[in-house]
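Let the hints inform the model, and build the full structure from the sequences given.
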Amino acid sequence: MIKKIQIWHAILILYFIVLLLRFDELVSTIELIFVVFQSLLSNPGNISNIFSTNVVDQLFSFALFLSGIFFVISFRKKLDWLRKKCSVTLLASIILSFIFLFAPILAPYSDNLQFNLPTAKRLAPLCSRYLVKIIDEQSSESSKSQSQKVEKSLFRENVTPNYYLSETPISNQSSIGGVSTRVIFLLGTDEYGRDILSRIIYATRYSLLIGIIAISITGLIGITLGFISGYFGKYVDILLNRIAEMFLAVPFIFLVILCVAFLGDSLLTVIIVLGVAGWMSLFKIVRSEVLKLKTRDHIVTSQMVGMTLSNQLIKEYLPLLLPAVLTNLTFQFAYIIIAESSLSFLGITGNYSHSSLGGMIQQGFLNINEAWWIILFPTIIITLIFYTVYNYANKLRNIGANQIGFTTD
Amino acid sequence: MGNKLRFKKKWIEILSIFFSYAITFWLLLSMIFILLRLSPGDPALKYLSPQLSTHLYDDVKISYGLDKPVFEQYYLFIYNLFRGDFGISYNYRVPVSSMLMETAPFTISFSLVSFLLQVAISMWVIFYIHKHKGNWFEKSLNKISLFLYSLPTMTVGLALIFIFSIQLDFFPLSDVHSTNFDELNIFQKLLDLVKHLTLPLITLSLPGIIIFYNYLHGNIEATEKKSFIRFMIANGFDKNIVFKKHVIPNSINPLISILGTELGILLGGAVITETLFGLPGLGRLTVSAILTRDYPLIIGCVFFSGVFVLAANFLADLYKLKHDVQLRENFKNL
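Chains A and B, in that order, are what the protein sequence lines are.
Add 154 to a position in the first sequence, counting from 1, and you land on the number used in this note's numbering.
Add 12 to a position in the second sequence, counting from 1, and you land on the number used in this note's numbering.
Among the hints, erroneous ones may be present.
Covered stretches of chain A (in silico footprint by chain B; criterion: 3 or more residues with CB under 8 Å from a CB of chain B, positions within the stretch not fixed) [as the list claims (entries may be wrong)]:
(1) 316 to 324
(2) 394 to 400
(3) 468 to 479
(4) 489 to 498
(5) 536 to 543
Pair ranges (Cβ atoms, derived) [as the list claims (entries may be wrong)]:
(6) A/Leu476 / B/Leu202: 52 to 62 Å
(7) A/Ile426 / B/Pro117: 31 to 41 Å
(8) B/Asn192 / A/Glu345: 45 to 55 Å
(9) A/Met461 / B/Asn103: 29 to 39 Å
(10) B/Gly96 / A/Thr273: 55 to 65 Å
(11) B/Pro117 / A/Ser464: 45 to 55 Å
(12) B/Asn103 / A/Asn270: 50 to 60 Å
(13) A/Leu213 / B/Ile35: 48 to 58 Å
(14) B/Leu180 / A/Glu345: 19 to 29 Å
(15) B/Phe199 / A/Thr273: 53 to 63 Å
(16) A/Asn266 / B/Ile35: 44 to 54 Å
Pairs of lysine to aspartate or glutamate, EDC-like flavour, derived with a Cα cap of 20 Å [stated by the list, open to error]:
(17) B/Lys332 / B/Glu25
(18) A/Lys287 / A/Glu185
(19) A/Lys549 / B/Glu233
(20) B/Lys145 / B/Glu233
(21) B/Lys151 / B/Asp181
(22) B/Lys332 / A/Glu399
Treat the hints as calculated values from the structure; they're not laboratory data.
Backbone N, C-alpha and C fix where the C-beta goes; we use that ideal spot for every residue, glycine too.
Below you can see the structure in the form of structure tokens.
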């Protein structure tokens with residue numbers, strides 16, 4: 155039964171689950187679209203005000219969400235990879251890409267929303283509480299426009315007297331018009347009363363994003379320097395090799411610590427440092443491959459015909475280098491995810507405003523006696539990411555070793 | 013005559029390796045200096061204040077050597093590092109070199125014990141698997157090993173602390189030895205150390221064991237397919253003896269060459285392990301240094317770990333030069 159499930163089945167099942175659980179969010183997103191259009195038509199001047207990062211994020215992932223459904227349904231017969239059998243690794247990667255692409259839709263709350271502490275502090279997984287929303291007609295009509303109201307319900311970042319968590323539902327007899335809905339905290343809350351599910355979703359997205367940008371930096375530096383070193387040889391080769399050895403001499407974490415210490419710990423610095431710190435192995439692989447390829451006939455011909463250097467790299471070398479490079483980068487991606495989370499666990503990075511997996515583990519470490527769930531779920535996610543990516547890297551390596559005949563070691 | 017020539021050639025090889033490592037070392041120093049220069053802010057700037065005298069800023073600048081040209085500063089920086097003078101820690105008010113001398117022995121011995129454990133345990137697993145080929149242990153190991161490898165170090169440590177220290181109370185929570193360590197006799201001291209270091213060693217060694225196991229497993233499989241092993245088995249040699257005397261020595265050789273890289277990984281892992289278990293080592297010192305922006309201490313720690321890894325790589329290269337025939341042939345052709 156399970157073996158018959160194909161990729162597009164798995165994707166559609168996941169879509170169905172999301173639709174079932176997050177229907178409210180989708181409805182209010184559609185509402186947001188109307189409001190945005192309305193305010194665009196009525197007041198076209200302040201586009202920058204209307205399209206804040208939150209709004210753009212929400213709308214973009216909503217668009218992706220819808221187009222994803224149509225894509226899968228319409229192309230399920232035409233594309234071969236959608237009809238492959240769904241293994242565990244594939245399922246994990248589909249779940250991860252869901253989290254990565256649709257984070258604002260999947261997350262029930264904003265990752266920094268702190269509920270009122272007495273009721274929401276360290277709730278165990280599957281705990282339910284009542285979310286009270288009091289609709290105060292007078293103040294909302296006078297002070298806020300429609301768009302601000304919708305935005306606030308979507309991207310709420312703090313608790314107000316009109317929006318809080320309580321242990322009992324409010325009575326119907328009370329004079330104020332309010333609604334209390336029962337909400338379930340699927341993965342519990344942490345010690346500041348923040349929903350762990352939302353935090354994990356956003357943190358996963360950030361750590362995947364950091365990994366992707368970092369490996370593109372690694373790839374850029376590694377390929378360029380490796381090509382230069384292998385192509386020109388002689389003194390350039392010796393110098394670049396020594397520099398690579400120098401970077402290899404310092405353990406990865408020490409290197410990142412050194413750079414972060416001197417250049418600050420903003421998100422951008424961390425990404426760049428993580429990207430730069432891993433270029434050496436790629437450099438060595440590309441260099442040795444270029445040395446091997448240099449004497450091949452078609453490359454010598456391209457040189458004699460008078461192709462420019464960059465053209466040679468892109469058109470002649472890169473297609474042949476690609477399997478080795480991809481394998482190495484996939485391995486590095488796995489290590490960067492681990493490195494980022496351990497850095498933010500140590501408190502060296504992660505002072506930025508969003509949630510991070512390592513930071514969540516560190517916070518759980520401080521509350522390990524009272525709340526085991528704060529540690530458990532980020533760990534599962536990190537393990538899942540590493541396991542999936544590492545499996546892919548191994549597969550790529552095996553394919554490369556069998557068909558093309560290169561080794562990455 | 014020929015003997016003398018060979019002797020000379022060997023020294024040239026060793027010298028050339030040493031020279032390349034010296035260049036690497038110099039580049040490392042330069043990188044630290046460049047980062048120091050790149051870092052935003054003037055160290056003397058915090059002495060510029062309306063409450064303090066106006067000369068103080070200039071005096072501090074002169075005493076730090078910041079008024080000199082960059083090249084002279086560079087020269088002084090390297091000169092001081094070679095003398096072992098890393099400056100004085102901002103936080104602890106103690107020379108950095110003495111702090112390094114206090115913490116480094118622990119980290120080095122800790123890493124070495126962990127390294128030996130990794131080799132020993134992975135070898136034991138390899139032998140066990142060879143004896144009982146095809147049983148459930150071997151089949152499940154391949155899948156479990158990847159799962160264990162993908163667990164982050166900090167979580168392994170945390171889970172061990174939570175289960176064995178907090179819930180079961182088998183092992184102490186942190187530190188190297190108990191408070192009454194000096195009163196104990198030698199066996200009790202040993203027992204105390206073992207009790208304190210069991211969990212950290214498991215945490216630090218787990219990923220390494222898996223790396224070694226996978227590496228050795230692959231190598232052994234490759235060696236077993238080679239013709240000379242097949243020839244021996246076909247001629248009726250005892251399989252176990254062939255495995256111990258011919259397969260293992262032929263597959264373990266490349267292990268030495270990854271020693272340097274492995275030590276780097278160990279030092280990196282020690283950062284997390286030491287922080288988790290509160291051990292007084294180089295890793296925890298580095299983390300505390302960076303959290304308090306203690307620049308001299310950071311430079312000292314990074315410098316020390318770099319020297320450590322470079323030395324390990326150098327030794328591994330020398331070993332390879334002696335034992336790896338292929339490499340020696342390459343050198344002869346040069």
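We went through each hint and held it up to the structure:
{"no.": "1", "hint": "316 to 324", "in the structure": "violated (count 0)"}
{"no.": "2", "hint": "394 to 400", "in the structure": "holds (count 4)"}
{"no.": "3", "hint": "468 to 479", "in the structure": "violated (count 0)"}
{"no.": "4", "hint": "489 to 498", "in the structure": "holds (count 3)"}
{"no.": "5", "hint": "536 to 543", "in the structure": "holds (count 4)"}
{"no.": "6", "hint": "A/Leu476 / B/Leu202: 52 to 62 Å", "in the structure": "holds (55 Å)"}
{"no.": "7", "hint": "A/Ile426 / B/Pro117: 31 to 41 Å", "in the structure": "holds (35 Å)"}
{"no.": "8", "hint": "B/Asn192 / A/Glu345: 45 to 55 Å", "in the structure": "violated (35 Å)"}
{"no.": "9", "hint": "A/Met461 / B/Asn103: 29 to 39 Å", "in the structure": "violated (57 Å)"}
{"no.": "10", "hint": "B/Gly96 / A/Thr273: 55 to 65 Å", "in the structure": "holds (58 Å)"}
{"no.": "11", "hint": "B/Pro117 / A/Ser464: 45 to 55 Å", "in the structure": "holds (52 Å)"}
{"no.": "12", "hint": "B/Asn103 / A/Asn270: 50 to 60 Å", "in the structure": "violated (39 Å)"}
{"no.": "13", "hint": "A/Leu213 / B/Ile35: 48 to 58 Å", "in the structure": "holds (54 Å)"}
{"no.": "14", "hint": "B/Leu180 / A/Glu345: 19 to 29 Å", "in the structure": "holds (25 Å)"}
{"no.": "15", "hint": "B/Phe199 / A/Thr273: 53 to 63 Å", "in the structure": "holds (54 Å)"}
{"no.": "16", "hint": "A/Asn266 / B/Ile35: 44 to 54 Å", "in the structure": "holds (49 Å)"}
{"no.": "17", "hint": "B/Lys332 / B/Glu25", "in the structure": "holds (12 Å)"}
{"no.": "18", "hint": "A/Lys287 / A/Glu185", "in the structure": "holds (18 Å)"}
{"no.": "19", "hint": "A/Lys549 / B/Glu233", "in the structure": "holds (19 Å)"}
{"no.": "20", "hint": "B/Lys145 / B/Glu233", "in the structure": "holds (13 Å)"}
{"no.": "21", "hint": "B/Lys151 / B/Asp181", "in the structure": "violated (34 Å)"}
{"no.": "22", "hint": "B/Lys332 / A/Glu399", "in the structure": "holds (17 Å)"}
Consistency note: the structure conflicts with the earlier hints numbered 1, 3, 8, 9, 12, 21.
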